[in-house]
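**Q** Order-wise, the sequence lines are chains X and S.
Read left to right, the first sequence gives residues 58 to 732 (the numbering used here).
Read left to right, the second sequence gives residues 58 to 732 (the numbering used here).
Please note that a few of the clues may not be correct.
Given that identical chains are not distinguished, each listed pair holds provided it fits within a single copy or across any two copies.
Keeping only pairs whose Cα atoms sit at most 27 Å apart, straight-line, the calculated DSSO-like set for lysine-lysine is [claimed, not checked]:
1) K491 - K647
2) K122 - K491
3) K243 - K524
4) K599 - K581
5) K581 - K70
6) K402 - K263
7) K243 - K402
8) K199 - K491
9) K474 - K70
10) K148 - K70
Hints were generated in silico from the structure; no laboratory data involved.
There are 2 protein chains.
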Amino acid sequence: MDGAMPECSHLAKLLAEARSSLDVDAIDALIAGVLAAPPEIGASWHALVAEPTPPELADALEARKVTLAASHHDGVQPEDFARLPRTARLKLLRERLAADGLAGFIIPRADEHQGEYVPLCGQRLAWLTGFTGSAGMAVVLKERAAIFVDGRYTLQAGAQVDGQAFEIHHLIDEPPATWLATAAAKGDIIGYDPWLHTPQDVERLKAGVERAGATLRAVEQNPLDQVWEGRPAAPLAPVFAQPETFAGESAADKRARIGKVLVENGAASAVLTMPESIAWLLNIRGGDVPHTPLPLSFAVAKADGAVTLFIDRRKFVPGLDRHLGNAVTIEAPDRLGAALDLLAKEGRVQVDPASAASWVFDRLGAAGAQIHRAADPCMLPKACKNAVELAGTREAHRRDGAAVTRFLAWLAGEAPKGGLREIAASDRLEAFRKEGQYFRDLSFPTISGAGSNGAIVHYRASPETEKALEPGTLYLLDSGAQYLDGTTDITRTIAIGTPSAEMRENFTRVLKGHIALATARFPKGTTGTQLDGFARRALWQKGLDYDHGTGHGVGSYLSVHEGPQRISKAPNAQPLLPGMIVSNEPGYYKTGAYGIRIENLIVVQPAGEADERETYCFETITLAPIDRTLVARDLLDRDEAAWFDAYHARVRATIGPLVDDETGAWLEQATAPIS
Amino acid sequence: MDGAMPECSHLAKLLAEARSSLDVDAIDALIAGVLAAPPEIGASWHALVAEPTPPELADALEARKVTLAASHHDGVQPEDFARLPRTARLKLLRERLAADGLAGFIIPRADEHQGEYVPLCGQRLAWLTGFTGSAGMAVVLKERAAIFVDGRYTLQAGAQVDGQAFEIHHLIDEPPATWLATAAAKGDIIGYDPWLHTPQDVERLKAGVERAGATLRAVEQNPLDQVWEGRPAAPLAPVFAQPETFAGESAADKRARIGKVLVENGAASAVLTMPESIAWLLNIRGGDVPHTPLPLSFAVAKADGAVTLFIDRRKFVPGLDRHLGNAVTIEAPDRLGAALDLLAKEGRVQVDPASAASWVFDRLGAAGAQIHRAADPCMLPKACKNAVELAGTREAHRRDGAAVTRFLAWLAGEAPKGGLREIAASDRLEAFRKEGQYFRDLSFPTISGAGSNGAIVHYRASPETEKALEPGTLYLLDSGAQYLDGTTDITRTIAIGTPSAEMRENFTRVLKGHIALATARFPKGTTGTQLDGFARRALWQKGLDYDHGTGHGVGSYLSVHEGPQRISKAPNAQPLLPGMIVSNEPGYYKTGAYGIRIENLIVVQPAGEADERETYCFETITLAPIDRTLVARDLLDRDEAAWFDAYHARVRATIGPLVDDETGAWLEQATAPIS
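Isolated chain X (complex conformation) (with noise of 0.2 Å):
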């Protein structure tokens, strides 16, 4: 106490001095939302107060900083649970259901966006359980509860999850709807937060909890909330202009863009709920989520090009406002039910069933909105890079090629050292990346796997897993970055001293793979569906599969997970066009041995030439070697080694002159021709 009157006295002498619009208090707010917000914002916080931001003020705010972090939220770190311990909250929870009159209620993982990356604020299903995978989803009923996982999950759940208080089923095969089919009672009243499921979820659990003669009920203030004390504050991470130069097109084109679709659709405007499609239409980027530069907030279209965005602004570094122009308005978040209220007089409403709360729909449809269910109007045109984003993210690949292959000069020195050990390997990626120009963030938490690692798919070093990379096995590396120009997302697979036959058998059919999809041609109307046999086929000759997609969706500085183009077996309807980023990631695993994948990004493009058929195909953007140790010749065919030295020899003319003459010359061996 002594010590924060002078901290404070002194902080407000130089926000007056810096004229700062914002008082201590206001201050101490906004540093609960950049402590929410993910570490990676560093000081870039700073802009919202003042800027310039003199040095005093500076690290009278950093100061602040680490004084108001010292009274910690509660959140879902290890030494969170240490405080108030797993059981202590859902016995929270259940006291809080029962005052409700809910026999039950339902925890998803998805916050109100429904993405893949959820602020600290929205991590209800690890707050609960402490599960941190990236999908699930957990029932509480009065004497029983239960958490459902996928397959990638079920070790890990086994690990976080308190098993006696939780069972523990899978996500796909014993969904969360068919267990409470049975394991509610009949006239239970179970809950659910409708700002946490599309309908379609709705729809499902529905069924479900009807089966069992129980009613499914949308409550209003989630309970989970309700007693989850010091529940961290919505994220603050500052929101700035993404420059036409990086964007290609002017955010004022892309809203009368997307008004023309609504026209089209005789849709009168369109709410939008995620994030990344609000910051590609308005040209804005942001950090209130890990590794994906989002400002959260919701959207509305209008069928004019105007737009009103629902944002606390507090997070608008100066000049924003200029930046968004007359035709966006800006509202606080909580005025979103209100905005939907009156759009239900102004015509039709265009709303993604995919991807919006149920919420949204609810509050329309009690409006009397008539609802156009269609996908968000931003997302294939978002998926569809233009010219200065394809040349952007070209240049960010050449600057992450050099980056890697540095990286991979220097472990080809390193690792016959013995010892190198996964985290330290990764680090060493990280550290040659942030010398890159525009660089911003990783674009995802790396997998660095060695040996038996790298056959977990969605594996994360930590020093208790963490193993050194030995001879005789195979070091599987997944990484990308955030470039103001570019998203990057590649994965290698490297020999640690002399592979066994098996290895290379295995290796150089991912490799055919590979090289199947990069040669593909496909007529104009093709989906990733249809092309996701042609990475597998060599495997399936030989029995063998991957459990995952093959490619997804890359955005433009934005998602590195972005839709609605896939390459998987799961049916996505969506035709691969012209601009479109997808990976290229067949991969192998043998469990408890080793693990491989290769993975390019690719640009599908016109092929270009005088076909019967408008025909595409697709150009390999990552440049970095594969590693020719693994490749078995014999077992490539001639077109397909012809693929491999060709790759090899763009990967050493482009990278080449961008690395020092130590790497130059390892990448000389490394890309010398197979054939």
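Chain S: place on chain X using the hints.
**A** This is chain S only, laid out in the frame that chain X set:
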């Protein structure tokens, strides 16, 4: 009039002598149904009158049929349109609509069973518009009318439909719902017959109609049926038992199996509206529609294995009741509605929203039933053939292969003489097939296309369109047969004289696709959508493609097109399972020049080796030479050439012993190795 009475009294006398339960009036009613069935049923209907049928009675029945046929119903043949032209029909319908207070009416091609073949009495679209294609829809408004057909039928619709009366639109690109959204007027009431649309269809149409501010209304009586004077009767073809020696599983076991599925689904009953499902379930076959041995009927299956069959029992041959047994209750078709009302009280009712008429849902809904929307429970078990069915179909394919091989050998001798035309050629093949044991019918109208006619994917030769098989052209022949023990479907493309280099290259690319699919191995869970690209890749690499699916399911003495599996671009979620029969039929079509298609039937089989994954492969069961003069050997890799030669060796070994010496000699050289 003078001749009628003696004919009748003579017939009455013969009926009495044969102890038939039918009198002359009943015979006349029966013959109305016989005349409305496909001519292929021949004299088999005599068994419905008396069995055995004394020859004199048989003669009298045929004479009576000729008499009644003369007082012809008003149908969909060109001569019918001479009696009542299309414009008169449209005018009659519009008058009826006005009287019923309807501003418009929707006329689909589908009948009450939503099947591929529609009996004469269900040919409403053809009666109204003259269009006889297998897919389409018409909408009649007060001032405008439109017909919607897909790309296959644009030309045909242009020729058959009166362009003054009907606008012709593309069924997919500008569907009826979209057209209605602008063509209907505010306040209009647009009618539809809920018997002829699935609920999904209705949803789509409703959305379109409501966009126009109009209302979609289900009619109780189809106004078209009311103005269709002389509408053919419902077909009455004999219903026979399919013996267990061919079916491989008793109907009782199948009923018990389906009952168990219903229990698992929590359903008390299922409404079956697809006649092929009912035929499979009860081991019965009929002849109400062309080329598929179906008895048109509805059924309700109960969880305890009991079935109620809604069918005109005049179609039963003697002994069929005994075959069906006590657990199968027979009711008249018009009792279905009352039965649905009762079902509603007995628990959840399973209905297939993809194949059952909207009427079924409406009726169940009005009765307060809890509806479980799920696929027809017979579809999947029917698709997975048992060992007896597979043995039967292999037998049928040997017979069919021998007939096709005899034809090909005959053609090799005949074509060079010149002047052979499409219809004469397909007639010859049909004659060869008819000599085979268990032959019952063709499985679809033969596609016999010479030269540019081969490029018309759904071509049907007529005296006006047929061409001669000329040197330097390709001849495409797609045909199949119904045998009691199996259904066949085969396409061969034959070079008449010397083919061009381009023809050989494109044929070889089609062959590469055919081989890629035939040799594919794939893990359990793989769908046809995932494999479709294998058959196209070699064409795609040259910017070529074909606009049809690669493979359809095939029944066992049932529909030549069956689901739920399918190998095509269209998303299909059904994994391929052992015992499923599918076609493998890539093609290439050069409009105005030639068509290429190579089709064999293939069966999904366990790969049978100790794989890491449970893996399946295909067994090719069609056996007839593929024209080796069309193969560009240098475009095949070693494995492909080896497959080709191994296939031909199997054809030679299996078919050789079944054909005459002359054919055998031809077969020897037609199957000589290419490598």
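**Q** Looking back at the numbered hints, which does the structure fail to meet, lowest number first?
**A** 1, 3, 5, 8, 9 and 10
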